[in-house]
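Engineer: What follows is the residue order along each chain.
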Amino acid sequence: MKLREADERDLVPRARKGDVEAFNVLVSRWEKRIYNYLLRLAPDADEAFDLSQETFLKAFQNLKRLDAPELFGPWLYRIAHNEAISFLRRRRPESDPPEQATGQPGAFGMARVEISLAVEQALQALTPEQRESVVLKVCEGFKFEEIASILDTPTSTIKSRVYSALEAMRAVLAPAAETKVAEE
Amino acid sequence: MDCARFDWKGYALGELSATETAGCERHLDSCEQCRAEVARWRTTVASLRNLLPDVEPPRRIVFAPEPVAPEPVLTDPWWRRLWNSGPQLGFASAMVLAVALVAHGALTRTPTAPAPMTAAQLDARTQARIHEEALKEVNRLLPQAVDAALRDAANRQVGEQLQPALASFKRQMNHEEQLREAAAAERRDADQKAVRYAFERLERRITYATLSAVRTQGGE
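Protein chains in written order, with this note's numbering: chain R, 1 to 184; chain C, 185 to 404.
One should not assume that every hint holds.
Derived lysine to aspartate or glutamate pairs resembling DMTMM-like cross-links, with alpha carbons at most 25 Å apart [to be verified]:
no., chain 1, residue 1, chain 2, residue 2
1, R, LYS143, C, GLU344
2, R, LYS143, C, ASP238
3, R, LYS17, R, ASP46
4, R, LYS143, R, GLU8
5, R, LYS143, C, ASP191
6, R, LYS143, C, GLU221
Across the chosen pairs, the derived CB separations fall in these ranges [as the list claims (entries may be wrong)]:
no., chain 1, residue 1, chain 2, residue 2, range
7, C, ALA230, R, LYS143, 50 to 58 Å
8, R, GLY141, C, ARG219, 19 to 27 Å
9, R, VAL20, C, ALA230, 38 to 46 Å
10, R, GLU167, C, ARG219, 35 to 43 Å
11, C, SER214, R, GLU167, 54 to 62 Å
12, C, ASP238, R, ASP50, 16 to 24 Å
13, R, ASP44, C, ALA220, 38 to 46 Å
14, C, GLN217, R, LYS17, 54 to 62 Å
Simulated from the structure, these hints should not be mistaken for lab results.
Beta carbons: idealized from backbone N, C-alpha and C, even for Gly.
The shape of chain R in the complex, shown without the other chains (with noise of 0.2 Å):
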């Protein structure tokens, strides 16, 4: 069997073993989606890819640790979520701990988004883990028990913060999503 077309549950216990290369097949395979996850979270791009590379890193580094291969996508996520909070905290050890710090200038990439003011705004005034639940929700498709499990928090309070931050955007988007409806 070809490298390219490895299963993951092939190429974990390989690069586990110390095979680069089945962990560079794995790199190839989330470096887009950690790198835009990182992207929401880091204050610039370089920031993004700098966080990227440190979490693959990592993640080659403590794959022993891995206990189940077919588990790795959302282990990633673990341990780029783990290096995107410390480097915030690292990068304002003075400011209120995350929960308080909403409406970040720069946050969640806006300025290479075209969109309205209302709905950045809307976006802004989420907290952290509001969008960071919605990101990993909604643009990474997973599973609020496996987002629970990446955040290392019960999955109530995961659906909560998105189904909230849900009703905020809805509140702003909602003349655009009326005006759909209607055409509908």
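Assemble the complex: chain R is given as a structure, and chain C must be docked to it using the hints.
Structural biologist: Chain C alone, transformed into the frame defined by chain R:
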């Protein structure tokens, strides 16, 4: 119809079980209001997804494999390496030549009988040898004895010169120590005086304040 019991956000996000999803869909077939509600949530989710498009990383992340140790190369036996080595071969040739010369010298030398010596000649030769050996011994021991003697003398001289300086230094240190102790005692006394003075001033102020208060009350 109880529309409130359905989790439309969970339905729009695909979080419901198959049974729950089937129940939702049965209800949607007959409820226009809930269809509109679901459409709004789906639009919200889709808008969020569109707001955050995926971008390519600026460059690929690739880990370099560990450097592989070179495979062992087959080596020649020692005699071939020696044969192929210029300096070693030259050295070996020189050794062979040296051995041949020594062997030739040993084999071709003719034994010669010693000439007979008279008693006087023997005695003179013995005396000369004794003199020579004694001179050698004197030459060997004399420099050591002279060095040792010079070293002792120098040490004594330095010791004698340093002794008064050392004593003077100790006296000076003792004197400075006494001066420091005296200065410290003076500072302690000054501090105690300052504290006593501050207390006295405080007592006077308290007394004055008490008297003023008593007078004020008496006047009222």
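Engineer: Now tell me, hint by hint, if it's right for this structure.
Structural biologist: Going through the hints against the structure:
| no. | hint | verdict |
| --- | --- | --- |
| 1 | R:LYS143 <-> C:GLU344 | violated (95 Å) |
| 2 | R:LYS143 <-> C:ASP238 | holds (19 Å) |
| 3 | R:LYS17 <-> R:ASP46 | violated (31 Å) |
| 4 | R:LYS143 <-> R:GLU8 | holds (19 Å) |
| 5 | R:LYS143 <-> C:ASP191 | holds (16 Å) |
| 6 | R:LYS143 <-> C:GLU221 | holds (22 Å) |
| 7 | C:ALA230 <-> R:LYS143: 50 to 58 Å | violated (19 Å) |
| 8 | R:GLY141 <-> C:ARG219: 19 to 27 Å | holds (24 Å) |
| 9 | R:VAL20 <-> C:ALA230: 38 to 46 Å | holds (40 Å) |
| 10 | R:GLU167 <-> C:ARG219: 35 to 43 Å | violated (19 Å) |
| 11 | C:SER214 <-> R:GLU167: 54 to 62 Å | violated (26 Å) |
| 12 | C:ASP238 <-> R:ASP50: 16 to 24 Å | holds (19 Å) |
| 13 | R:ASP44 <-> C:ALA220: 38 to 46 Å | holds (40 Å) |
| 14 | C:GLN217 <-> R:LYS17: 54 to 62 Å | holds (58 Å) |
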